[in-house]
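Chemist: The residues making up each chain are set out below.
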Amino acid sequence: MNTDHPNLLKLLAATRFVEGISHDHLQGLCRASRLLKLPAGAKLFQEGAIEDEVFVISSGHIRLSMNVPGRGDVPFLTTGPGELVGWSGLIGDGRMTATATAIDDTTLIAMSGRRLQELCDSEKELGYVLLQRVAQVLSQRLLSTRLQLMDLFAGEKADT
Amino acid sequence: MTSPTESNRSVLFLGRGQLNQLIRALADDGYQVVGPTIDQAAIVYGEITSADDLPIGWTDVQEPGKYRLQRRDDEACFGYVVGPHSWKKYLFPPVTLVATADRTKTGWQLSTPETEPPRYAFLGVRGCELAAMRIQDKVFLGGPFVDPTYQKRRAAAFIVAVNCTQAAPTCFCTSMNTGPRCSSGFDLALTEVADGFLMEIGSESGNVVAARLNVEPATSAQLESGNAARQQAVDQISKQLDTTDIRDLLMNNLRHPHWEEVANRCLSCTNCTMVCPTCFCSSVNEVPDLTGDHVDRERSWDSCFNIDFSYMNGSPTRNSIHSRYRQWMTHKLATWHDQFGSSGCVGCGRCITWCPVGIDLTQEVAAIRSSQNNPSVEGAVNSSHDNEGVS
Amino acid sequence: MTDSTALQNTSAAENSAVAVRPRPRLAVFKFASCDGCQLSLLDCEDELLAVASAVEIAYFPEASSRMLPGPYDVALVEGSITTPHDAQRIQDVRRISRTVVTIGACATAGGIQSLKNWADHEDYLRCVYASPEYISTLATSTPIADHIKVDFELRGCPISRHQLLEVIGALVNGRRPRLPAHSVCLDCKRKGTVCVEVAQGIPCLGPVTHSGCGAICPGYDRGCYGCFGPVAQSNCQSLTTQYLDTGSAAETLLPLLRNFNASAPEFREASNRVAEISIERNGASHR
Amino acid sequence: MKPAATAHPHNPWLAHAVRISRMAAATPGVFICDLVFQDSAVAEEYTFAPGQFNMLYLPGLGEIAISISSDPDQRDCISHTIREAGNVTRALGELPVGSALGLRGPFGSSWPTENCIGRDVVLVAGGIGLAPLRPAICHLLAHRERYGELNLIIGAREPSGLLYTTEFDAWRADGLNVHVTVDRANSDWHGAIGMVTNVLDRLWLRQPENTLMLTCGPEVMMWYAVQMAIRRGLSPESLYVSLERNMNCAIGLCGHCQFGPQFLCKDGPIFRYDRVASILKVDDL
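Residue numbers (my numbering), protein chains in the order written: chain A, 1 to 160; chain B, 1001 to 1391; chain C, 2001 to 2287; chain D, 3001 to 3285.
To be clear, the hints were calculated from the coordinates, so they are not data collected in a lab. Just to be clear, a hint being listed does not mean it is correct.
Stated by the list, open to error - Derived lysine to aspartate or glutamate pairs resembling EDC-like cross-links, with alpha carbons at most 20 Å apart: (1) C:K2191 with B:E1298; (2) D:K3281 with D:E3219; (3) C:K2191 with B:D1039; (4) B:K1152 with C:E2014; (5) B:K1066 with C:D2003; (6) B:K1105 with C:D2245.
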């Protein structure tokens, strides 16, 4: 059991990620979580590494980047409060598809992917809601990636 | 529409031989008389100096994509329907100089030429054409900005309307409530009968001109034959456009597959928009002379069927025939209501006759409408989907 | 009465006005063609001096014996590619020219000589030349754009000198040329010309033909011959179907389509379709 | 809509004479052009509302619609932020200070600054879409006390494409929260990366139901910004978009700028979202 459980519960409950999840289930989530504070510039995880934890940002911002040979670290997305990072730890094989770096002092709620999965298996209702949340995060991120790919500002309006 | 009855408006009779008197009276007043005349195998509008210039004894036979002149078995002056020209060519000319720029020692001198507008007397304006003028009045004079060219030409014009006594298979003015009876918007209105013309007076200027003609009050027999002649036109109208909720019908079906079907036939050649008496689209272009020291800013008729018309940021917005046909038809029949408070169509049928491949907008509307009434017909699924977002 | 506004530059603006650009070097090259389009340039009588002062005419064998070597800023290319030698020569033109503008139906669509694309060119050679063995030609006549990248195409048989001047003026001033892209019908209507197809049943390519000629033919009670080639997104299928359905003979339509722009893809496909229909209907051979 | 302030009210085709008083490079391919009226009486009379546009005219080259990007209270010059895209804009960009050109305007609808009073406002700008929002920003900050929370989200392709960066600090000091995000950047960029929708997604909104959004940028960007705003609890009646179509006459007579029932030049360019929602996603309309 986590020592900063009450604080954790308060922070977690304040995030949009858990909107609609019952108090009991939040308690359960907290039991699988820990509070993590990162100073600006600290790495949360590294592309290619295997991680067990997924993270919900409580405050601050995390930058995601990928390493491209010859171009170095190429940042592609900034995530902020209420958003989920490291989802591979929950629904992938745990291998991170990006490097995550705190760009300011950042507080995260780190949840054990294994314990979260167990929780979802035993509490099907929570599992359903949680996976819905993850799906929403991923669909939003997919849309955002698509918009970036479209290079909307490349040939944009010249006048009016 | 209530048409004025013969009893509440004094009707005069102008003998066939006296038509020249009218033309001469208008010319004496300084009007350039323009009216129907035969040219290029059609009845077009051109300068008229005497009744001999009129298409006496000729009529037009029309169907989708086809127009032919034909001899009549009488000597009627106005025994035709409508031709390829409309009066907009005089009020909103195909090419107008709107401004000029001349290079000076230190820059440019910009000017807008304001020549005296020509004073036209239009002879032979049909009911649908009067309606078209009312519609263009709203477009050019009814908004926050007024078009000076149209305004001056319109104000100076004298209108001699002529009631239709026959109709073409392409006519559908009765569906659009624009005719065939000329009820207002004219200075004088004629109805051609066997031995002359019944004449109604629609304005004070009309009254002044009529007073100078050898006219006499029409007899009841003459009135009777006028009624019969006009009724003949009504009876001959066979085409209909069901305008019930037409705005919503079309706007709720912007994704209907039928647009694509029309696009298979449509040439996007602009003919329908050019012959339409209400279409008003134009472009202002820079026309520099060789030295580049003098520039004319010319406004020319343009068309929503041209790819360039919607060009923006390197590509056209309406880059397919189906989107351009849809733009034209939905504008004419649907969004015109939002913009100007009426339909943009007067039912003259020109767009049907002069379409080189005979596309008939009344049939295209009917096709979309029937798919609404019969869910098994094309597009019903799509259109119900469209309904969601439309308020 | 006239309203006017004076636009006055400050003297500072006059003094700092953009430096005069060097005159672009212009070259005119001829491939398989009748020279008519080059003549359009020489026909610009009044304007010729203005053109000559705006550009340096470095290579123009038709007009001048003074032929300066490349590279050139603008190459006007007339004619189509019909010989192996020309297929090579056009590559050279591209190499030494910054901007290549093709002028006329031959250069943009293969020209009237592309009729040989439908025939056995060996037959033609035997018919025309006493000693065909000395003639080296390709089996087809093809537009320049089939061989090299073309920067701008100026249509017409012949081209319109006004359009040519507009293109030269635009290139000199570094702007995009302004050429109308509508059909011939719009020009007819602006002039008040009545549609010869609808009113007289004369088959006319106006609805599918690019503007540029000023709609001359319909003004003389003739159908449009499509000299300026197909307009963008032309619906030739609908037009030819309509003409066939309303009584035009395939034999009338074929020569209309197989004309100066016979090998422009839209006209080519339409003519092939009409030819097929003609074969179906009366067994006549047009292929 | 009020007609343009014009010295020739009966003559909508005649341009005013203006002179370039300042030219400045802004971002790659974009420059800022300040104009002053040659006739001081016209300058006196000329006013515009945030979001409106002018037609700028170069004889021989043509006219082009450009939104006004200066502070509506600034009386000494009118500013336009212009991307070099066509013949007219390219030629304009090459003109020296002191050159004269023609101007007709102002035209079109404006941002609903009256409606913003007493409410929170989110402004979402994409690329050069910040230009027509700048007069609104100036106006809101000049009367800061009338409004609640003010947030500005700016998106650009890359950091070098951000307009008016030197003004961000002043805007922040005046009470505007400025959030910047770019599509792509190197690791030396310390701001956010991603679409404006991501920033809008996590923006703290104290009263979504009493918040207005004004957005200008590429149509696709505005569409998703609007969808996100609705997800965040803003009502469709409180969202405003600035649209663009081909403009030729700017006075509602030529027909070019039609978008469904709207004429962009007189009904737009700025629309309440719910009034155009049904036609925004119809292909090629």
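Chemist: Holds or violated: K2191 (chain C) with E1298 (chain B), Cα cutoff 20 Å?
Modeler: holds, 15 Å
Chemist: Please verify whether K2191 (chain C) and D1039 (chain B) have alpha carbons no more than 20 Å apart.
Modeler: holds, 13 Å
Chemist: Next pair to validate is K3281 (chain D) with E3219 (chain D); report whether the Cα-Cα distance is within 20 Å.
Modeler: holds, 10 Å
Chemist: Is K1152 (chain B) close enough to E2014 (chain C), meaning Cα to Cα at most 20 Å?
Modeler: violated, 40 Å
Chemist: Take the C-alpha atoms of K1066 (chain B) and D2003 (chain C), compute the straight-line distance between them, and say whether it is at most 20 Å.
Modeler: It is violated: about 46 Å lies between the C-alpha atoms, which goes past 20 Å.
Chemist: Starting from K1105 (chain B), check that the Cα of D2245 (chain C) is at most 20 Å away, please.
Modeler: violated, 62 Å
Consistency note: the structure conflicts with the earlier hints numbered 4, 5, 6.
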